[in-house]
Amino acid sequence: MKSGRSWLPAHVFAWLYVALLVVPLYYLLVSAFKTNDQIFGSPFSLPTSLSPTNFTESFSSAHLGPAVLNSLLVTALALALTLALALPAAFAIARTEGRLGALVERVFSLGFLVPTFAALFPTFLLAAATGLFHTRAFMVLFLPATAMPLSVVILVQFMRTIPREMEEAARMDGASTFAVLRHVYTPMCMPGIATILLLNFLTFWNEYLYSLVIIGPDPDLRTVQVALPTLKSLTGTDYGILTAGTVLTLVPVWVVYTVLQKRMQQALVSGAVKM
Amino acid sequence: MTMLSSAPGGASVRGPAAPQPSTATTTKRRTQGGVVLAVPALVWYLVFMVGPLVAIFVIAALHWPGMLQPVTFAGTGNVSAVLGDPVFLDAVRNTAVQLAVALPLMIVGAYMLGYYVAQKPPGHRVLRYLLFVPGLISTPAKAMVFYAVLSPDGLLNGALDKVGLGSMTDAWLASPSTALASLIVLDLWSGVGFTAVLFAARLGSVPDEIGEAAQLDGAGHWRAMWRIHFPVIRDFVGVVTMLQFLWTLFGSAQNVLLLTQGGPGSSSTTLSFLVYQKAFIAADLGYSQTVGVVLFLVGLAGLLTIRRVFRQNY
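In order, the protein sequences belong to chains A and B.
Per this note's numbering, the first sequence starts with residue 1067, numbered consecutively.
Per this note's numbering, the second sequence starts with residue 44, numbered consecutively.
Please note that a few of the clues may not be correct.
In silico negatives: residues of chain B with every beta carbon more than 12 Å from chain A [stated by the list, open to error]:
#, residue
1, Ala81
2, His106
3, Pro108
4, Phe116
5, Ala143
6, Gly152
7, Leu199
8, Ala202
9, Phe273
With beta-carbon atoms standing in for the labels, derived distance ranges [as the list claims (entries may be wrong)]:
#, chain 1, residue 1, chain 2, residue 2, range
10, A, Ser1072, B, Gly308, 31 to 39 Å
11, A, His1200, B, Ser218, 32 to 40 Å
12, B, Val130, A, Leu1138, 36 to 44 Å
Think of the hints as simulated: they come from the structure by calculation, not from any bench.
These numbers come from a predicted model, not from an experiment.
Where is the CB? At the ideal position from N, CA and C, for every residue including glycine.
So here's chain B without its partners, still in its complex pose (with noise of 0.2 Å):
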């Protein structure tokens, strides 16, 4: 874990070192020909990264209803369309609840369940290679596993039929009421794991000594879990609830395209599938960069509030 503890202040050590008289002529000639080195790669981030992001807030203020129609300036008429359609409310109900559950759920259990790992428990190093297994799986093989697992007659409903608890069985994809938990239980179902070994792996980088001072003060482990090691990690925390926040906020699409479509009615659509459906599948242009404007906002908000809250605070 050296890697770790070198990484998040690393930036900022070498800096603007003092340069040595005797070196600093040749310092500078080398200087002026290696800067051209970034040149390709900052291109290439230019072109594929912040110029397709500059382009949704110029499509957002176009009316565009399909790739082969004439295209006409729109002003803020797609932001009041957008803001009167009874499915963008219902998709910003989707992803605020997605959010308010899967956020703090996610992050809370991968702590304590990181902190456990990182005790190094009976069998942790099993513990720690099977937690790590959702995080390897890319997002349609995961789909696929839910999907076997809770279509009608999937795993789940087997599972219940066997212990007599066959009344409630569901069609859980397809049912406006468990539609949208079922997503929900998806990210929870990959992500707790996969979060708690990011948490035991810097939690194992943190001096033993604090642990075994505080237990000298008869801190018990809840104590020791909560008010011991978390201020030492507070920031890293941080930084995991930002990535886990951008996932869900952002990568929510995938999971809906393959496994719900958005449906029953919109009792599943997010944000980030209403873009992807506007465009690809309703082919409504501006409409569809409107909410990714909005989503990027939402997102840039999220950051800083996160950012805010995780503030190291000593």
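Okay, chain A solo, but in the shape it has when bound (with noise of 0.2 Å):
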């Protein structure tokens, strides 16, 4: 920092900025523990007790147990798929030389370019074609489609810093294709599984278009995404359980995020670079 008075404007508009999403983060942990009448009353007090009948409401009325689950498990699921599919594709684009291995890579870059959300009705009749539609087996089997482009062009530039040394060493001693990319590949190249497992987590997680579409509405299959917002409508204008609701599935990644932050950031930089 170099000097000071000239600064004053912009420390006053940085911090006026955070006061802005404070706030409202604020206003919705603490409405979590109040009812209706105390938030309309005292917005911004603190809570007078710190009581979860409001989390336990929330949980029965939207089902958030189950819903909590089936996001985790689609979650988790789609994570390992990602990564089965992506560590392959990588490896064969990084020792690839020449055009092919270039225009394998090219196809994944442009990927980029495709939103998500241009295709959800095409997504959906495909869906109901292969008779998938109300299963979480769709949403297992499309989100790392959705996820291959950012994870193969990471993963590629992680494993082309790989001297070529290593798998000849390997190759010395017998080791098959395979075994090249279970035993050398994969583990050098930690740091980039950890980028892309990071920001799928994150993908995954808060995806709500799709799994609303495909998966439905059905308490028993929802994801935790579909059902917070059931709660709008179910309660009308209870906000207490509303916000208890929310702040329900923000803990997750709130954990993660305050645990990994440092890596988190570097991640969705990252992640924003590839173009």
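Make the complex out of the two chains shown on their own, each in a separate frame, by following the hints.
So this is what it looks like as structure tokens:
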């Protein structure tokens, strides 16, 4: 920081914006412990009690319990499938010299220009045609496809930094192609794997529109992001329950963020750069 | 931030490296076994991403009045139906307003905020942490926060009442004059901080000497920010602008669906919500996908324009 006074407007504006960010989140948090009357009467005061009734109520009225489990299941399986597809693909691209490898990489990086929202209805038709409409399985299969461009491009960059001699040494010992991938490349690009797991965890956990249309509103199948907005219509204007439910869905992401703050920011920055 | 600096050009660094004679044959043999490994990912990508995308164009040429109704070829019938529909024109206008207001404010605001954070002012760590939080929150959760704030008896009206501005209270999401504005504010609220952190991270990898040299030359902060640093990260700003453009253009369907349902009337119907609404609520599938084609073309034109505007010019 170079000098004092000329920065004053900057300090003011920056912290003003932060206040605008924090106040609604503070409101969200304290409202989760209040009744409607308290929320309207004194929106900013700290809650008088820390009773979890709103949380338990939101859990039962929106069936958040199964929804959280569904979200965890879909997210975890989709992450596993993403890795299973992206690792070999990135491995192949990184090692293939000449036109073919470059072409395949090009095809994947063009995927950044395909916005996921664009093809909602045709994707719905695909789900219907494969008989996987109203199942979580389709989301598990579909989400990795949307993650492919980013995951492959990030992994390729990590794998390109691995010296060829590592592979040649392993080959001397009689390692197969698969063994080279598993025992040489995978351990050496762990930071890249961590990056794409983090990025995709955020996207998969937060995914809304496709889950809404394809898995649908069945309380036994729907994900937490689909269950959350039902608190709005179900309870009319019970803001205590609505905010408690919102807080609950934020907890997993917030915990991961606080623990891995630095890595997560790097991951998202590198995600934004790949285009 | 090593990842950052290696990222943009990294892909082409290795490229067609001159093969050493001694390893050329082994390389070739390995390569042939290797490419097969990319096939599953490619197939996945083609089936779930490219296929549906192509299908948009096919369905746009069909007359398809509902999932279980007979399908007939419509040719350009949908195009004339769409272009003659006042709701479509409203949606074009709303999307244009949304992009024209949200995008410049977001990019300029985020760049300035990011520059400020990158100077490491007092409390910059806390700042960085808090600015990033909206980037983590899912669209439904953000929408629920805004619903609680903007509803008739929500936080904003309560605050206005408290400070004696009770006459200014409004049903923000249900009033034709403020519904679209509320959606734009939501975009800005969540987008500026997140984007600022991206810019701050990129600015952090600009060599310090550049700023110091500018200071020796007597350049003020304003000048250093826009005339010295901005040109250096110009292409990065372009990429972030493209991403925000796409998110705003295509992603607005979710916020509209969650908060206003396009109403009142069609005062907050955006193009991407129209695609959703015509497909899943009005069951006019050819119409929906014709708007989808329009959206796709607008997206493509926008990307090319942004790319041209932010092309690195040194």
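Tell me if the beta carbons of Ser1072 (chain A) and Gly308 (chain B) are separated by a distance inside 31 to 39 Å.
Violated: the Cβ-Cβ distance is about 48 Å, outside 31 to 39 Å.
Claimed clearance of chain A by Phe116 (chain B), with the beta carbon kept past 12 Å:
holds (17 Å)
Evaluate the condition: distance from the CB of Leu199 (chain B) to the nearest CB of chain A exceeds 12 Å.
The claim breaks: Leu199 (chain B) does not keep its Cβ more than 12 Å from every Cβ of chain A (closest is about 9 Å).
Any Cβ of chain A at or closer than 12 Å to Ala143 (chain B), or is the non-interface label fine?
Nearest chain A Cβ is 19 Å from Ala143 (chain B), so the label holds.
Does the claim that Ala202 (chain B) lies outside the interface with chain A hold up, using a Cβ gap greater than 12 Å?
violated (7 Å)
Any Cβ of chain A at or closer than 12 Å to Phe273 (chain B), or is the non-interface label fine?
The claim stands: Phe273 (chain B) keeps its Cβ more than 12 Å from every Cβ of chain A (closest is about 16 Å).
Does Ala81 (chain B) sit more than 12 Å from chain A, CB to CB?
violated (4 Å)
Gly152 (chain B): least C-beta distance to chain A exceeds 12 Å?
Not fine: 8 Å to the nearest Cβ puts Gly152 (chain B) too close to chain A.
For the hint 36 to 44 Å, verify it against the beta carbon of Val130 (chain B) and that of Leu1138 (chain A).
At 40 Å between Cβs, range holds.
Using the beta carbons of His1200 (chain A) and Ser218 (chain B), state whether their distance is inside 32 to 40 Å or not.
With a Cβ separation near 37 Å, His1200 (chain A) and Ser218 (chain B) satisfy 32 to 40 Å, so the hint holds.
Should the label of His106 (chain B) as a non-interface residue stand, given a Cβ cut-off of 12 Å to chain A?
holds (15 Å)
For Pro108 (chain B), is the shortest beta carbon distance to chain A beyond 12 Å?
holds (14 Å)
Checked against the numbered hints given earlier, this structure breaks hints 1, 6, 7, 8, 10; the rest are met.
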